Amino acid sequence: MRHEMKLPDLATTGSAVKIVRWLREPGQAVRRGQPLLEIETDKATMEVEATVDGELTEVSAPAGAEVVTGDLIAVITVPGESASGAALPSPESAPAAPAASPPATTPESSARSDSGTTGAARKGSLFARNRQAAGLSTEPASKDLAGLPLSPAQRVAAQRLQASKQTIPHFYLESSACADGLVARRNAAPDARLLWDAFFVHAVSQALAAFPRMACRFAEDHLEPIESDAIGVAVDLQGELFVVALDAPVTKSVEALSQELRAAVDALRTGDPAARRLRPGRITLSNLGSTGVERFTAIVNPPEAAILAIGAIRPVVVPRGEAVVVEPRVALTLSVDHRVVSGRYAAEFLAAIVDALEKP
Amino acid sequence: MTTSHTSPNASSATAASAHDPAFLLELYRRLVLIRQFEDRVKFLFLEGSMPGTIHQCQGQEATAVGVCAALAPDDFITSTFRGHGHAIAKGLSVQELMDELFGASTGCCRGKGGSMHVGNLAKGMVPGIAIVAGGIPLAAGMSLAFKLRGSRQVTACFFGDGAVAEGAFHEGVNMAAIWSLPVIFVCENNLYGASTRVDLVMRNPRISDRAASYGFRGETVDGNDVLAVLEATRRAAEECRAGHGPVLLELLTYRRTGHSRRDPCNYQPKDEREAWATRDPIERFAEVLREAGLADAAALARIHAAVDAEITQAIEQARRAPQPTIADLTTDVFA
Numbered sequence: 001m002r003h004e005m006k007l008p009d010l011a012t013t014g015s016a017v018k019i020v021r022w023l024r025e026p027g028q029a030v031r032r033g034q035p036l037l038e039i040e041t042d043k044a045t046m047e048v049e050a051t052v053d054g055e056l057t058e059v060s061a062p063a064g065a066e067v068v069t070g071d072l073i074a075v076i077t078v079p080g081e082s083a084s085g086a087a088l089p090s091p092e093s094a095p096a097a098p099a100a101s102p103p104a105t106t107p108e109s110s111a112r113s114d115s116g117t118t119g120a121a122r123k124g125s126l127f128a129r130n131r132q133a134a135g136l137s138t139e140p141a142s143k144d145l146a147g148l149p150l151s152p153a154q155r156v157a158a159q160r161l162q163a164s165k166q167t168i169p170h171f172y173l174e175s176s177a178c179a180d181g182l183v184a185r186r187n188a189a190p191d192a193r194l195l196w197d198a199f200f201v202h203a204v205s206q207a208l209a210a211f212p213r214m215a216c217r218f219a220e221d222h223l224e225p226i227e228s229d230a231i232g233v234a235v236d237l238q239g240e241l242f243v244v245a246l247d248a249p250v251t252k253s254v255e256a257l258s259q260e261l262r263a264a265v266d267a268l269r270t271g272d273p274a275a276r277r278l279r280p281g282r283i284t285l286s287n288l289g290s291t292g293v294e295r296f297t298a299i300v301n302p303p304e305a306a307i308l309a310i311g312a313i314r315p316v317v318v319p320r321g322e323a324v325v326v327e328p329r330v331a332l333t334l335s336v337d338h339r340v341v342s343g344r345y346a347a348e349f350l351a352a353i354v355d356a357l358e359k360p
Numbered sequence: 001m002t003t004s005h006t007s008p009n010a011s012s013a014t015a016a017s018a019h020d021p022a023f024l025l026e027l028y029r030r031l032v033l034i035r036q037f038e039d040r041v042k043f044l045f046l047e048g049s050m051p052g053t054i055h056q057c058q059g060q061e062a063t064a065v066g067v068c069a070a071l072a073p074d075d076f077i078t079s080t081f082r083g084h085g086h087a088i089a090k091g092l093s094v095q096e097l098m099d100e101l102f103g104a105s106t107g108c109c110r111g112k113g114g115s116m117h118v119g120n121l122a123k124g125m126v127p128g129i130a131i132v133a134g135g136i137p138l139a140a141g142m143s144l145a146f147k148l149r150g151s152r153q154v155t156a157c158f159f160g161d162g163a164v165a166e167g168a169f170h171e172g173v174n175m176a177a178i179w180s181l182p183v184i185f186v187c188e189n190n191l192y193g194a195s196t197r198v199d200l201v202m203r204n205p206r207i208s209d210r211a212a213s214y215g216f217r218g219e220t221v222d223g224n225d226v227l228a229v230l231e232a233t234r235r236a237a238e239e240c241r242a243g244h245g246p247v248l249l250e251l252l253t254y255r256r257t258g259h260s261r262r263d264p265c266n267y268q269p270k271d272e273r274e275a276w277a278t279r280d281p282i283e284r285f286a287e288v289l290r291e292a293g294l295a296d297a298a299a300l301a302r303i304h305a306a307v308d309a310e311i312t313q314a315i316e317q318a319r320r321a322p323q324p325t326i327a328d329l330t331t332d333v334f335a
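Chains as they are written, first to last, in the numbering used here: chain Z, 1 to 360; chain W, 1 to 335.
Calculated from the structure, these hints are not laboratory results.
It cannot be assumed that every hint is accurate.
[As the list claims (entries may be wrong)] 30 Å max Cα-Cα, derived DSS-like pairs, lysine-lysine: (1) K359/Z - K252/Z; (2) K43/Z - K147/W; (3) K112/W - K43/Z; (4) K252/Z - K123/W.
[Said to hold, decoys possible] Pairwise CB distance ranges, derived in the manner of DEER restraints: (5) Q317/W - R277/Z: 58 to 68 Å; (6) D42/Z - A299/W: 30 to 40 Å; (7) D199/W - S290/Z: 21 to 31 Å; (8) A306/W - G14/Z: 15 to 25 Å; (9) E47/Z - P51/W: 38 to 48 Å; (10) T251/Z - S195/W: 23 to 33 Å; (11) N174/W - E47/Z: 16 to 26 Å; (12) E220/Z - D199/W: 47 to 57 Å; (13) M202/W - A29/Z: 23 to 33 Å; (14) L23/Z - D199/W: 48 to 58 Å; (15) R149/W - L23/Z: 52 to 62 Å.
This one's a predicted model, so the numbers in the text were calculated from it and none came from an experiment.
Here a beta-carbon is modelled for each residue, glycine too, at the ideal position from N, C-alpha and C.
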């Protein structure tokens, strides 16, 4: 018997829910109570269990799709009069023998334009009507991105960035560091794939140890030390922003930090909910060097007091005494919450980062 | 005023021998009834048959069953948003509960209470009070009424560890203390107030110690040992009926599910979950029954099957039960 699995009412505000990944594939057997997929609500990432025993026949809402409560997400074929313990058929899933089943969707075809079609396909449903009333588009995005829906994570990022830029009095300090030592160390390392970010995290962690006020957050009438020893690294995965928190970096080698960061990014790519969880850090690093951008200013990631924007390492002509030399340099721009530290304090902190980077 | 601490492995087959076998098997049936009720309701929610969110008590069945089995039918309990187990333990029928969860007019609150407010005054359960600690002052008030009337009734007031830091806890408990009211304050300490672990919000996580500061007796009990809970509640009820109340019972237990259905419960560490899974109240009591020679595996399986059939029947009937009509809109409500 055909059992239509619908999205349970798991969001806390009735907002759309994103399918993160399916834990079973079409053709595989599923058991009642077995985690079938992971979803991302407005509040948490969680697993959703199968409600019947049977075979997963169709995935109607592929990874990446956005759905609302009541939307069809999968079809499970339940063997006729199955063994005891199988779920009771719900009245609405009685064999109404739909003329045409929804087309099976492969993960490859789960482009953005697919999201939302499940809702639109059943316009008559209460959920679809509610969604339209709430102004949520149920139509596929058009070619020019008009109406392109933001994922729950993107919406949260948008709100946080807007709040940061509007409420935190930012100031910006620019400097640069000679990258001779960095390049030499990376070339000499047995692991040729050491991540550049690991060098910067290492240097910032050393500087931070001497400038504890940089690791505080503003709390109305006093400062509060941030209860974390982590440094964050901003990661962009197909337009979704994440911050990987590396714990206690001051105690770790560049090699260890590089490995840890690489593993964390891999976990993010697979949709691992633990990796996607937001964790506080003392400061965030944002590195756009690989794009060739020379320098940029970043927006502070609350509740942190500063963010370091790192540009590309490029050869620069530098006067040295009477001579002129060409050396690889990297531009560093520190965005700072002026409520937490003074310009001078932050400038000394940035100088300490430069020192640490240039140290052989 | 002392606070005694029962050792985790106190009860067992020796304690079981002091009870009537039929009574013990009924305790077991109640435990299984609560577990299976909660498990079935979970799937009804997941398949979209049941509206609203739900707060479930898988893992905590022995607190409800042990306390209520020590009470008389005309004794009262107050409950919380996590009240399905309390209701079944106090003798509400699976049918009136299931109907209530389906919003049917045949439900215990005529479909107007829902999951968070189940109760039946005729069976000694005030409809669930979903505000954290909200039931504590009410339990003190009810017990004052019992005392003034000279009845021998007691109130068992259920609340969680999260309620202890609320102002209402202090107000209600202090009132009960100064007037020696017949109320058993039953703290189901499942270690988490929603997602917050007790040691983050309490410098002294031994909740029963609070009783001494109000001048009455507190006791910490293994809340996953149904006989230990039963015995502790009987002692407390006797003291209350003798005019020596109140008593604070702290029942140590663990929730095997999220705070609500929308809570993925990521904050419970894996090793902690696994450690508590080995102390499951139903499996432990099954072991006690087997050791005492009161039930073999087949007898226990028959209980499970009968419970399963009872719940299946209740769900079938609840699906067909009548819903309230427009004419019911203004009945049974104050505002």
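Worksheet item: Of the hints stated earlier, which fail here?
Response: 2, 4, 5, 6, 7, 8, 9, 11, 12, 13 and 14
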